[in-house]
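With the hints as extra help, turn the sequences into a complete structure.
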Amino acid sequence: MARYGMLIDTTKCIGCYTCRTACQRQNGLLPDEDFIRFEQREVGSLPDVRVENVPLQCMHCEDAPCAQVCPTGAAHMGADGIVTVDQGRCIGCLYCMAACPYQVRVRNSRTGAVDKCRFCTVSAEQTGTKMCTCVEACLTGARIFGDLDDPDSQLVREIARTKAAPIAGDLTKSKVFYVR
Amino acid sequence: MTFEPVWGTIIAWYLFLAGLGGGAFAGAAYLRLRTPHCVHLIRYGRIIAPITVIIGLVLLMFDATAGFHNPLRFVFLLTNFGSVMTWGVVFLAVFVVIALIVAIMDLLGKGLKIPKWLDVVGGILGICVCVYTGCLLGVAKTFPLWNNALLPVLFLVSAVSTGMAAILLVGIFRSPSEFNKSGDFKKFHFYLPIFELFLVASLMFITANSAESAGWTSVMNLVAGDYSLAFWLVFILLGLMVPTILEWKMLFMSTREVEESRTGHMISAASDILVLVGGFTLRLLILVAAMPITMVQPWM
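Protein chains in written order, with numbering that gives the first Met the number 0: chain A, 0 to 179; chain B, 0 to 299.
Derived by calculation from the structure, the hints in this document are not laboratory data. For glycine and all other residues, C-beta sits at the position ideal for the given N, C-alpha and C. Mixed in with the good hints, there may be bad ones.
Which stretches of chain A does chain B cover? Using the computed rule of at least three CB atoms under 8 Å from a CB of chain B, they are [said to hold, decoys possible]:
1) 67–79
2) 90–96
No farther apart than 35 Å at their CA atoms in a straight line, the calculated lysine-lysine pairs in the DSBU-like style are these [unchecked claim]:
3) B:K112 x B:K186
4) A:K174 x B:K109
5) A:K172 x A:K162
6) B:K140 x A:K11
7) B:K140 x B:K180
8) B:K186 x B:K115
9) B:K248 x B:K180
10) B:K185 x A:K162
11) A:K172 x B:K140
12) B:K248 x B:K140
13) A:K172 x A:K11
The following block contains the structure:
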């Protein structure tokens, strides 16, 4: 079974929000519902200063704190280690939002249920959507999606080459890796 | 990014009312065992308990929008026993059933026929509900202000304090003679805010020195930041210190005549109202002042 993960190269990210918009279109999200949150910070010291863009999204933690606290089992570890929210089961208590250390979960303002990045490639089997549009839409190729258990995948090779790491160390067992 | 608290006023009301109800039932059970002649005070506690908890639960369902629109989904609440909330649902469900049975029996004039074990079991479940409101927040590792063992204890003490204050407040106006005779109960109630002061101070010291800087930020939000006025003035001064001073005056420094006079009663009533205000303020402040660890990480 695959163990899907993603690499996000912040040195390539220009902060254009294309991934976020593409994600909203592909998943039919509301205008105020976005699965990717952008953070920016200044790095370096004068005169060598640049802005680092950090797109944050569900890290699909293997020890998902959201799934641990969800009282209804709506937030759960689905097939291939994808953390999923069953929209027909969620009561909208927001306990998962309080438990998620990355603040990347959003409440659907129409249904009241909580939602987040779905790693669409995998859901494609059910819904017929294409490859994660965030990966395809990225103008600078900052995103790579793949199987973390496949040593020959581009994802695993790039993680090794760029020494990419989870955004917050070992806070959770994150499956999204960042190049900084 | 500016962090928006996940839970706000509605959940603060829920935490407050659930704690108040659990505390009121435990208070009534204590009265039943210690001073069974205070039948009216016991009755007030038994009536307050289910009403406040049910109001709290209705607020909670209203806040859980997706469940509110599809009420059948609430059945799923009993599926993940790894979640503290699921345990809370169990405690609350059993507690509400017992509290309703006891309240109805009491109102039907069968208050003395209620078996003591039912009062004791209800009281224990009431305490479980109070502790649960603290554990609910306590297991969220993201927030150092919540993720410590002191919070459930603080919420328990505060909940019992508000529950007893509610009983006494109704007692002052509806049954002053019994209020005068419940010295033991009043003294117990007097010590709770003092204990709470030490717990709050400990929570602030420990959280401010948490391994995560978010602990420091959360404490600063309370003691010197946006919420400092509510924290110091409403919670610490009006909610804890003034009731302690007023009750100390009434219980230990006044003659019996003063304590049982109309003025004395009004002072006690003011003190009980302030305890209730403080209890709600505490929960609201704990909810809104907590900062997540990832907000203040260097990568932010």
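How the hints compare with the structure:
Using a Cβ-Cβ cut-off of 8 Å, 7 residues of the segment 67–79 of chain A lie near chain B, which meets the minimum of three, so the contact claim holds. Coverage of the segment 90–96 of chain A by chain B holds in this model, with 6 residues showing a Cβ closer than 8 Å to a Cβ of that chain against a need of three. Of the supplied pair hints, the one linking K112 (chain B) and K186 (chain B) holds, its CA atoms being roughly 28 Å apart against a limit of 35 Å. Between K174 (chain A) and K109 (chain B), the direct Cα distance comes to roughly 61 Å. Violation of the 35 Å bound is thereby established for this hinted pair.
Simply put, K172 (chain A) and K162 (chain A) have alpha-carbon atoms about 16 Å apart, close enough for the 35 Å limit, and the pair holds. Taking the CA atoms of K140 (chain B) and K11 (chain A), the gap is near 32 Å; set against the 35 Å cutoff, the hint holds. Between K140 (chain B) and K180 (chain B) the CA atoms are separated by roughly 46 Å; this puts the pair beyond 35 Å, and the hint is violated. Taking the CA atoms of K186 (chain B) and K115 (chain B), the gap is near 23 Å; set against the 35 Å cutoff, the hint holds.
In summary, the hint linking K248 (chain B) to K180 (chain B) is supported, as the alpha carbons are separated by about 17 Å, within the 35 Å threshold. For the proposed pair K185 (chain B) and K162 (chain A), the alpha carbon gap of about 64 Å is over 35 Å, so the pair is violated. Annotation: proposed proximity of K172 (chain A) to K140 (chain B) holds, straight-line Cα distance about 14 Å (limit 35 Å). For the given pair, K248 (chain B) sits about 42 Å from K140 (chain B) by alpha-carbon distance, which is inconsistent with the 35 Å threshold.
Distance hint between K172 (chain A) and K11 (chain A) is fulfilled; the C-alpha atoms sit about 24 Å from each other, no more than 35 Å.
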